[in-house]
Amino acid sequence: MENGIPGLFLQERSGDFLLKKESRRSGRMGRSRLYLIFLLCLFIMFAGSFPHEAVGDEVEEVVVTATRVETPVKEVGSSVTVITGDEMKKHGDRYLGDTLRRVAGISVTRSGGPGTLTSVYMRGLKSGNVLVLVNGVEVNDPSSISRDFDFGTLTVEDVERIEIIRGPQSVLYGSDAVGGVINIITKKGIKGRGYSLGVEYGSFETRSIQGSVRAGWSDSLLALTFSSHHTGGISVANASNGNDERDGFGKESITLNGETAINEHLRINFFGKYEETETDLDDYNNATFLFQDDLFYTQDLDRFTGKAEVSLDIFEGRFENIFGIMGTSTQRKLSDDPDSINPDWKRFSYWGKWRRVYYQGNYYLSDHLTLTGGIEAEEEKFFQDEQGSVFFKESISEKATRTESYFAQVLYASDFISGGAGARVDSHDRFGDELTYRLHASVNLGETGILLRASYGTGFKAPTLFQLYSKKYGDPNLKPEKTKGFDAGVEGDFLDGTLSGKFTWFYID
2 MENGIPGLFL
12 QERSGDFLLK
22 KESRRSGRMG
32 RSRLYLIFLL
42 CLFIMFAGSF
52 PHEAVGDEVE
62 EVVVTATRVE
72 TPVKEVGSSV
82 TVITGDEMKK
92 HGDRYLGDTL
102 RRVAGISVTR
112 SGGPGTLTSV
122 YMRGLKSGNV
132 LVLVNGVEVN
142 DPSSISRDFD
152 FGTLTVEDVE
162 RIEIIRGPQS
172 VLYGSDAVGG
182 VINIITKKGI
192 KGRGYSLGVE
202 YGSFETRSIQ
212 GSVRAGWSDS
222 LLALTFSSHH
232 TGGISVANAS
242 NGNDERDGFG
252 KESITLNGET
262 AINEHLRINF
272 FGKYEETETD
282 LDDYNNATFL
292 FQDDLFYTQD
302 LDRFTGKAEV
312 SLDIFEGRFE
322 NIFGIMGTST
332 QRKLSDDPDS
342 INPDWKRFSY
352 WGKWRRVYYQ
362 GNYYLSDHLT
372 LTGGIEAEEE
382 KFFQDEQGSV
392 FFKESISEKA
402 TRTESYFAQV
412 LYASDFISGG
422 AGARVDSHDR
432 FGDELTYRLH
442 ASVNLGETGI
452 LLRASYGTGF
462 KAPTLFQLYS
472 KKYGDPNLKP
482 EKTKGFDAGV
492 EGDFLDGTLS
502 GKFTWFYID
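Residue numbers for the sequence shown follow our numbering, so the first one is 2 and each next one is one higher.
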């Protein structure tokens with residue numbers, strides 16, 4: 002019932018009246034509506050400003066994650082899954098975690114309602130052993146305990162497709178890619194123009210608006226996607242135990258993806274994505290081992306991901322040179338004020354930053370043989386500041402680590418057999434040099450429609466900054482985890498086309 006005080010209302014609970022703040026989302030997210038209004042204006046202008054051209058014919062589907070060059074799926078020896086945006090739309094997916102639940106070899110756990118911690122596990126390995134990319138940019142959080150990625154706030158409105166590569170991929174991606182790689186590829190511009198605008202309203206006070214502009218003119222492509230999503234949510238704590246306070250979630254995001262050709266040899270690509278979210282949480286009762294209502298407990302998240310590349314082709318296009326910089330910044334703030342249910346208060350802040358400069362060269366020796374090599378230099382930082390009445394708080398001043406990497410691979414492809422081999426050296430400023438390698442092959446049995454594939458690779462996982470520098474839980478003497486993995490499989494149509502499927506055997510040590 003309203004009490005006439007701005008920003009406050011009274012809630013009745015078990016005969017008592019509890020003073021509860023209106024969600025701070027109304028203020029923080031209100032600022033974001035300003036840029037959504039701006040984007041709507043851009044949407045209207047863009048919708049009519051580009052000349053309309055027909056969209057070109059579809060080309061053979063390829064993946065870029067498995068080899069870091071465009072490669073048909075049938076030429077990749079690893080177990081690969083590609084999920085398109087149309088498939089996600091068909092299933093009515095809103096959150097990426099819901100999409101990944103349907104993928105073989107992947108399990109997903111979520112700690113509560115929308116926006117809460119969502120972890121993804123691949124082939125039984127921990128979530129910190131799965132490397133997550135957005136357009137090739139690492140988004141694993143350096144400030145988290147195991148340097149994993151929280152899928153809880155990730156929605157699907159700007160996703161073109163998802164490429165999932167199972168097994169050790171450290172040769173191309175370094176630490177964290179022990180269990181596999183998930184690459185989320187956002188929508189790109191198209192020749193001509195295309196635009197969309199959608200508004201939804203539903204149960205639990207759920208409302209959303211999303212739109213996109215995709216266009217192309219001359220030698221340039223541009224895609225702009227924006228969304229605003231809010232829900233009143235459900236109680237994370239069990240309502241049957243008297244926990245009836247609903248835990249809402251709100252998110253604003255914008256994604257920009259573009260490319261332009263300066264001339265026939267020089268091309269520039271750029272990508273940027275900004276997200277801000279606010280999630281209402283419930284607290285964990287250490288006495289009952291259950292969640293309970295917490296009226297003021299929220300998590301704010303701000304994440305920026307970006308990349309810029311320059312590609313230069315020489316030797317009549319046979320030698321592609323890519324120079325780039327990419328990075329991610331993630332800030333998480335957990336805030337809780339005392340109330341009549343939970344007397345504790347806390348202000349926890351976590352910040353993680355990762356950036357990389359790199360060069361990659363792709364030399365196409367012939368229609369069948371490709372050489373790829375590269376040099377990378379990266380740095381990651383984190384700090385945490387924990388204040389409050391709770392006993393487990395800890396603050397850690399800014400810590401950083403740096404790695405230089407060198408990798409090379411050779412790829413062979415033909416109508417019958419394809420394969421490749423690669424090696425990588427990561428020179429870590431704390432752990433020294435780590436060597437990883439990988440072999441893979443596939444055999445196409447032609448008219449039978451059957452494909453045989455196999456791969457073997459090694460990987461490593463460096464201890465996270467938290468695991469090294471936390472005074473309470475860390476150990477400065479930790480060493481990198483090393484692993485090796487093998488898989489073999491067959492896929493295609495069997496029994497005269499009455500059965501279609503993929504069968505995979507894998508081993509990880």
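Please keep in mind that the hints were generated in silico from the structure rather than gathered at the bench. Computed from a predicted structure; not experimentally measured. You may find that some hints are simply not true.
What the hints assert, rightly or not - Straight-line C-alpha distance at most 30 Å; calculated DSSO-like pairs for lysine-lysine:
#1 Lys-483 with Lys-189
#2 Lys-75 with Lys-91
#3 Lys-503 with Lys-75
#4 Lys-485 with Lys-394
#5 Lys-192 with Lys-127
#6 Lys-189 with Lys-75
#7 Lys-382 with Lys-334
#8 Lys-334 with Lys-192
#9 Lys-188 with Lys-91
#10 Lys-382 with Lys-394
#11 Lys-347 with Lys-382
#12 Lys-75 with Lys-483
#13 Lys-75 with Lys-308
#14 Lys-334 with Lys-394
#15 Lys-382 with Lys-503
Against the structure, the hints:
A C-alpha spacing of about 37 Å is found between Lys-483 and Lys-189, which places the hinted pair above 30 Å, so the restraint is violated. Straight-line distance between C-alpha atoms of Lys-75 and Lys-91 comes to about 25 Å, which keeps the hinted pair within the 30 Å bound. Straight-line distance between C-alpha atoms of Lys-503 and Lys-75 comes to about 13 Å, which keeps the hinted pair within the 30 Å bound. Restraint check: the Cα-Cα separation between Lys-485 and Lys-394 comes to about 37 Å, which exceeds 30 Å; the hinted pair is violated.
Among the hinted pairs, Lys-192 with Lys-127 is inconsistent with the structure: their alpha-carbon atoms are about 41 Å apart, more than 30 Å. Of the pairs offered as hints, the one joining Lys-189 and Lys-75 holds, with about 24 Å between alpha carbons and a cut-off of 30 Å not exceeded. A distance of roughly 17 Å separates the Cα atoms of Lys-382 and Lys-334; the hinted pair therefore holds under the 30 Å criterion. Distance restraint check for Lys-334 and Lys-192: the Cα-Cα separation of roughly 41 Å exceeds the 30 Å cut-off, and the hinted pair is therefore not satisfied.
Distance hint between Lys-188 and Lys-91 is fulfilled; the C-alpha atoms sit about 17 Å from each other, no more than 30 Å. About 20 Å separates the Cα atoms of Lys-382 and Lys-394, which keeps this hinted pair within 30 Å; it holds. With a CA separation close to 23 Å, the supplied pair Lys-347 and Lys-382 stays within the 30 Å bound. Simply put, Lys-75 and Lys-483 have alpha-carbon atoms about 29 Å apart, close enough for the 30 Å limit, and the pair holds.
Taking the CA atoms of Lys-75 and Lys-308, the gap is near 29 Å; set against the 30 Å cutoff, the hint holds. Between Lys-334 and Lys-394 the CA atoms are separated by roughly 14 Å; this keeps the pair inside 30 Å, and the hint holds. Taken as a hint, the Lys-382 and Lys-503 pair is broken in the structure, with Cα atoms around 41 Å apart against an allowance of 30 Å.
Consistency with the previously given hints fails for numbers 1, 4, 5, 8, 15, ordered from lowest to highest.
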